[in-house]
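S.K.: Residue-level listing of the chains:
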Amino acid sequence: MTSPYPIDEARLYNATRFADDDLPEGSVIDCAQARLPIDEAYDFVVIGSGAAGAVAAHELASAGYSVAIAEEGPYIRTREFKKEVGSAFLKLFRDGSFQALEGRVFMPVIQGRCVGGTTVVNSAIAWRTPEDVIDEWNAQFGLGGAITSRALEPHFEALERDLNVHAVVDEILGGNNALFLKQAAAVGLHPTRIKRYERGCKGTTQCLTGCPTAAKQGMNVTYVPWTLALGGRLFCNYRVERIELAGGRAVGVIGSAQNPNGKGTVRLRAKRGVILAASTVQSPNILRRSGVRNKHLGQHFQTHPGCGMGAVLDQDVNMYFGATQGAESIHLRASDRIKFETIAMNPELVPVRCPGLGVDLVRRIGNARHLAIWVTILRSQAEGTVSQGWTGRDRVVFSPTKSDMEHVRAGQVYLARMMFDAGAREVWPGIYGLPPVLTSPDQVKLVEEAPLEPRAYTFIASHLFGAARMAPQASGGVVDTTFAVHGLPNLFLVDSSVFPTNLGVNPQHSIMAMSRLATHRIVDSPPLQALA
Amino acid sequence: MKFTPGELRSARITCEAIFPQDDVAELVGAEHLEVENFLNDLASQVPWRAVLALKIAFLVCMVSPLLTLGRFATLGSLTPEHREKALYKLLYHPNYFLRQLVAVIKGVAALLYSAHPANRTRIVDTPRPLLQLIRSPSRVP
Chain A
1 MTSPYPIDEA RLYNATRFAD DDLPEGSVID CAQARLPIDE AYDFVVIGSG AAGAVAAHEL
61 ASAGYSVAIA EEGPYIRTRE FKKEVGSAFL KLFRDGSFQA LEGRVFMPVI QGRCVGGTTV
121 VNSAIAWRTP EDVIDEWNAQ FGLGGAITSR ALEPHFEALE RDLNVHAVVD EILGGNNALF
181 LKQAAAVGLH PTRIKRYERG CKGTTQCLTG CPTAAKQGMN VTYVPWTLAL GGRLFCNYRV
241 ERIELAGGRA VGVIGSAQNP NGKGTVRLRA KRGVILAAST VQSPNILRRS GVRNKHLGQH
301 FQTHPGCGMG AVLDQDVNMY FGATQGAESI HLRASDRIKF ETIAMNPELV PVRCPGLGVD
361 LVRRIGNARH LAIWVTILRS QAEGTVSQGW TGRDRVVFSP TKSDMEHVRA GQVYLARMMF
421 DAGAREVWPG IYGLPPVLTS PDQVKLVEEA PLEPRAYTFI ASHLFGAARM APQASGGVVD
481 TTFAVHGLPN LFLVDSSVFP TNLGVNPQHS IMAMSRLATH RIVDSPPLQA LA
Chain B
1001 MKFTPGELRS ARITCEAIFP QDDVAELVGA EHLEVENFLN DLASQVPWRA VLALKIAFLV
1061 CMVSPLLTLG RFATLGSLTP EHREKALYKL LYHPNYFLRQ LVAVIKGVAA LLYSAHPANR
1121 TRIVDTPRPL LQLIRSPSRV P
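Quick mapping for you: the protein sequence lines, in order, are chains A and B. My numbering puts the first residue of the first sequence at 1, with every later residue one more than the last. My numbering puts the first residue of the second sequence at 1001, with every later residue one more than the last.
Derived from the structure by calculation, the hints contain no laboratory data.
Derived BS3-like pairs (lysine-lysine); straight-line CA-CA distance at most 30 Å: (1) A:Lys445 x A:Lys402; (2) A:Lys402 x B:Lys1089; (3) A:Lys445 x B:Lys1089; (4) B:Lys1002 x A:Lys263; (5) A:Lys82 x B:Lys1055; (6) A:Lys82 x B:Lys1002.
From just these sequences and the hints, can you work out the full model?
M.R.: Following this line, the structure appears as structure tokens:
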């Protein structure tokens, strides 16, 4: 298995046309450059171009409606993606990657802010919504069978066809993933290769900075261009301030161009409806700014905090080649609320995982080819809140519970044991209060006894849920089972903010399937039929 | 929000202590990197809150000898070994916020350090035998 580095970018790019190279003329309006003000009318306005918004827009355009997509971030084309993390963070991530959950701990949040949303910067992992989660939604949140596996199944199937979902193949498995599969199997965790949205992955491990070969089937190279090919229009660099409501209906959206002087209004009128898909953090605040009031708005926020562990081995693991995330285990998902994953960290992120500083740090970075990094992903029980800070910024407060911390610690014990079983010379637990470097399997007991204080751990939050959850009645949630905001029959919320709980698996597939299901219900809904 | 010249000097001293030149690892140290230009570029593209956090972090690092070694001195006045020791103690300080500040600097400086073409090539492309550390990995000052 050889590394493709350095990729001959010129050759690669000259040989290939990407889906975002040949967009219909005039289909993309960059509001940072456009002549303002803009005032246009469409059947539907979709806010957000990520997993939920892009799928909804495509379904509506396929049904023959005129569609405008409003996206706060820029459209960074495949040809512009670079290896360097710094420039990618600044261009592709919200707040230049400085966004963090507040609470007991600062928890950085992985959220894309570009056309394609987080699908541009995630690892494209596809997991159908687990049955037990759907059962829980129906039993505890009274969804009354509105969201069922049977209802979602045709949508999962369609998405899997469209985006070529399949398990990581041998050619791009890579050393980090292969090692995890071996060690996790040895301790009975029944690991599997990750299923991803992917066509012809070259194993560049650049999923987190934008796929330079467009092999990753993110929304930026699939449903967004496909929507534009059907006549849709995309307004990027356009921040929606609020949804205009009149007579108990949504009639359009209004916002500002994201240009250097911050001037210029863009108004998109919606003849039939507005689809809100701006993410769990942004959607509740857009609703608030639009005058929607509900006691559950901004409440019940949940996430999947991830906690990594590094190990140094004698062999050349070379995590810089292969699927960025190619192996996983959900064996303890039901019993311990944890999932294990591999991750290949870009060179710029390796020092963050390495303990210490100075010469020791530099030598450990020099050993990065010998490094394996695996992660415990927690299906947290804690709930947080989404609100708007005094400067207008989105503010999320979230703290893991003691029970959450016990699960995380249990996961870290597994990882430490597996790493020493693999022959690790060093294991880096990343837990304050423990030695930064463990050198003996006997020291795994230190991880077993590690503090349960969240501040002792380093988390990253990458999956976000809730904050505008679904419930049949307004007294129980923000949207009804047709995905319409209670009391506003043509304002639909279709992103993961409607999920009553988190999932315990990666959410992109569920988000897209729910959005597709919602859009089919919207198109078939009596109010819309009446309008038509 | 911009960095002042004094803050940029503090940033350079701190980054050089975190990522020193090391010929064994064959990695280019922060002394050869354009720390000032990088931070100025960064400050123009991230929210002011992030810049403010970095300013505070550099300030805290500069007074770290007082916080960690009990010495009434700035980081810049110490020898390289003592700078490393002071920052190391800050990185593992009992106060969560203090250790987070050093971690933030380490994370931001890593974006510059590992993106240097020579360092990237060395880290990613070159299989080599495992380097031995020069100190005991379990040392905690």
